[in-house]
Amino acid sequence: MNRYCAAVLLLLSCFVMPAAAVIETYEFSNEELEQRYQHLSAELRCPKCQNQNIADSNAPIAQDLRKRLYQQLEEGASDSEILDYMVARYGEFVLYRPRFSGATAVLWLAPGLLLVAAIGLALLVLRRRKDTGGPADSELSAAEQQRLHSLLDESESGS
Amino acid sequence: MGPRLKLFIPLILFAVLALFLLRGLELDPREMPSALIDRPLPEFTLPSLESDTLVNRDAVIGEVALFNVWATWCVSCRVEHPYLNQLTQQGVPIYGVNYKDEDQDALRWLQELGNPYRLNIVDADGSLGLDLGVYGAPETYLVDAGGVIRYRHVGVVDERVWRDILQPLYQELLEGRVP
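Chains as they are written, first to last, in this note's numbering: chain A, 1248 to 1406; chain B, 58 to 236.
Only chain A is shown next, with the shape it has when bound in the complex:
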């Protein structure tokens, strides 16, 4: 029983961690700004830690970017102004959803093109199978029939 208690406690302690990771809080002058802050800080990638957005990261640079984001929101900057500001300093890299451009075209188009190619290939393979394969092939030729009969006869007489 003690073991189960320990296991449950251990499991519960896993849920405690994220609560401890809450970072600084900002007072916004209205609800809408706060929502935009949440949204934008989740859209912006931390340049130092790379696999975290700036909302999740404890890196000093992420703190700076959050602070700047807060200031800009309070100053009345629009979302695209803020994103432009960040891209001008940290490059397209800072956006989790990079904008469509020459450099990112492959990134945006590849999934669609691959899907189309896969569907095309599947249709091609299926059609060819229908043309060449099918019931006609599954019937035995006369020679095969004869061989089958002789084999069956053999096994019957053998048993």
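If you're looking for bench data, these hints aren't it; they were derived computationally from the structure.
Predicted model, so just to flag it, every value in this text is computed and none were measured.
Beta carbons: idealized from backbone N, C-alpha and C, even for Gly.
A portion of the hints provided could be inaccurate.
[To be verified] Here's a subset of chain B near chain A, in silico, CB distances under 7 Å, partners left out:
1) A163
2) G190
3) Y192
Given chain A, work out where chain B should sit, using these hints.
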């Protein structure tokens, strides 16, 4: 395509995939080109570390120079410091950006380890760093005589980095052969 050749399709696919993965091993995902390459050095007005005066962009441009972002809390900065001293002796102008640091600590550091910098810009809250797209010290920017950023190196500048990357660019800029 003959049925024999078809058998090789998986092998070819594997080879292509392996090539891409092999290439991926050599790529450093942390190495990002600066968004400020070929852009002017950002405007700023910040205190100087050595005196109580304010410095702005005009005070530090005019010749090809290095801008080194450093701090006393940055371990790698201590590693590269002797080499910066050496570069200064060779006559390379270096400006320091003392990034999110304490003035007293920074001054003590320069006294103990030598001062390779023409002057140091105090960027206590990291605002110039943010405008430069700094994401961690040390970073070194190569700026041409017109105040345009030509290259950014993230990490320690040592002899190899200088010889292989920075010096060729520096010479080109000095001779006016802008790449």
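Results for each hint:
| no. | hint | in the structure |
| --- | --- | --- |
| 1 | A163 | violated (17 Å) |
| 2 | G190 | holds (4 Å) |
| 3 | Y192 | holds (4 Å) |
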